[in-house]
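Trainee: Using the sequences plus the hints, can you model the full thing?
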Amino acid sequence: EAQVTQNPRYLITVTGKKLTVTCSQNMNHEYMSWYRQDPGLGLRQIYYSMNVEVTDKGDVPEGYKVSRKEKRNFPLILESPSPNQTSLYFCASSPWPIGGEKLFFGSGTQLSVL
Amino acid sequence: QKEVEQNSGPLSVPEGAIASLNCTYSDRGSQSFFWYRQYSGKSPELIMFIYSNGDKEDGRFTAQLNKASQYVSLLIRDSQPSDSATYLCAVNSGGSNYKLTFGKGTLLTVNP
Chain A
1 EAQVTQNPRY
11 LITVTGKKLT
21 VTCSQNMNHE
31 YMSWYRQDPG
41 LGLRQIYYSM
51 NVEVTDKGDV
61 PEGYKVSRKE
71 KRNFPLILES
81 PSPNQTSLYF
91 CASSPWPIGG
101 EKLFFGSGTQ
111 LSVL
Chain B
115 QKEVEQNSGP
125 LSVPEGAIAS
135 LNCTYSDRGS
145 QSFFWYRQYS
155 GKSPELIMFI
165 YSNGDKEDGR
175 FTAQLNKASQ
185 YVSLLIRDSQ
195 PSDSATYLCA
205 VNSGGSNYKL
215 TFGKGTLLTV
225 NP
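Chains as they are written, first to last, in our numbering: chain A, 1 to 114; chain B, 115 to 226.
Hints may be right or wrong, so weigh each one.
[Stated by the list, open to error] Calculated cross-link-like contacts (lysine-lysine; reagent style PhoX-like; alpha-carbon spacing at most 20 Å):
| hint | chain 1 | residue 1 | chain 2 | residue 2 |
| --- | --- | --- | --- | --- |
| 1 | A | Lys71 | A | Lys102 |
| 2 | A | Lys57 | A | Lys71 |
| 3 | B | Lys156 | A | Lys102 |
| 4 | B | Lys156 | B | Lys116 |
| 5 | A | Lys102 | B | Lys170 |
| 6 | B | Lys218 | A | Lys102 |
| 7 | A | Lys57 | B | Lys116 |
| 8 | B | Lys213 | B | Lys116 |
| 9 | B | Lys213 | A | Lys57 |
| 10 | A | Lys69 | A | Lys57 |
| 11 | B | Lys116 | B | Lys218 |
| 12 | B | Lys213 | B | Lys181 |
| 13 | B | Lys156 | A | Lys69 |
| 14 | B | Lys181 | B | Lys116 |
| 15 | A | Lys17 | A | Lys65 |
| 16 | A | Lys18 | A | Lys71 |
| 17 | B | Lys181 | B | Lys170 |
In short, the hints are calculated from the structure, not lab data.
Mentor: Here it is as structure tokens:
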């Protein structure tokens, strides 16, 4: 089944404790992206990648890191999480390498930073 | 800052009615337009896309685009309770800064 898999689904952590949210897609897509979704603010792009070893900042990259060492994986790293990073996070992939049209989303990760 | 604006709703319609969801965008150079549906607690799912001015129909869904007015809409005919969800408009700008920008979404409730 074609899918984008995110883990974990739910995560509660404390301020300053490094964490990684994994994302993997099995559709051989070039483009992958991370979004956060907050009430009243909608979906905002954190980082995106148009190909292996190519990543770029989205609209809200502060406090986040990403890496793209393999085409299928695009982990999101929070080196020192803070409470304002409490949010619902989505990973997405697209067969369109430019602009990320026609996104396929993962199931989401609900992160709470205490 | 490229913006995509949607009425936040909630929009409430009776079962069987036509639901009309609207979206305006600020970047006149925008080239492609998308509607995603997001059920509560779930991830967004692409339901329609449109590139050219005019209407595009897919089953009960019709996307309408007017680039001169910078306006895109989604009509849902014969609305069903299962259509109750948040609808996200997304616009892909052209030029050198080719990226997808989402509106904040409109919550649609279809009442039986």
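Trainee: Given the hint that B/Lys156 pairs with A/Lys69, test it: the Cα-Cα distance must not exceed 20 Å.
Mentor: Distance ~28 Å between B/Lys156 and A/Lys69 Cα, so the pair is violated.
Trainee: Need the status of pair A/Lys17, A/Lys65: alpha-carbon distance at most 20 Å?
Mentor: Between A/Lys17 and A/Lys65 the Cα gap is close to 14 Å, so the pair holds against 20 Å.
Trainee: Is it true that the CA of A/Lys57 sits at most 20 Å from the CA of A/Lys71?
Mentor: Roughly 18 Å between the alpha carbons, so the hint for A/Lys57 and A/Lys71 holds.
Trainee: Take the C-alpha atoms of B/Lys218 and A/Lys102, compute the straight-line distance between them, and say whether it is at most 20 Å.
Mentor: Holds, at about 18 Å.
Trainee: Would you mind confirming whether the straight-line C-alpha gap from B/Lys156 to A/Lys102 stays at or under 20 Å?
Mentor: 17 Å, holds
Trainee: Taking 20 Å as the top limit, are the C-alpha atoms of A/Lys102 and B/Lys170 close enough?
Mentor: The hint holds at about 16 Å.
Trainee: When you check the alpha-carbon spacing of A/Lys57 and B/Lys116, does it fall within 20 Å?
Mentor: Given pair A/Lys57, B/Lys116 holds - Cα atoms ~16 Å apart, limit 20 Å.
Trainee: Need the status of pair B/Lys213, B/Lys116: alpha-carbon distance at most 20 Å?
Mentor: The hint holds at about 10 Å.
Trainee: Are B/Lys213 and A/Lys57 close enough, with their CA atoms no more than 20 Å apart?
Mentor: The hint holds at about 11 Å.
Trainee: Given the hinted pair B/Lys181 and B/Lys116, is their Cα-Cα distance within 20 Å?
Mentor: 15 Å, holds
Trainee: Within a Cα-Cα threshold of 20 Å, do A/Lys69 and A/Lys57 meet the stated pairing?
Mentor: The hint holds at about 17 Å.
Trainee: Going straight from one Cα to the other, do B/Lys181 and B/Lys170 come out at no more than 20 Å?
Mentor: Holds, because 14 Å separates the two Cα atoms, which is no more than 20 Å.
In this structure, the earlier hints numbered 4, 13, 16 are contradicted, and the remaining ones agree with it.
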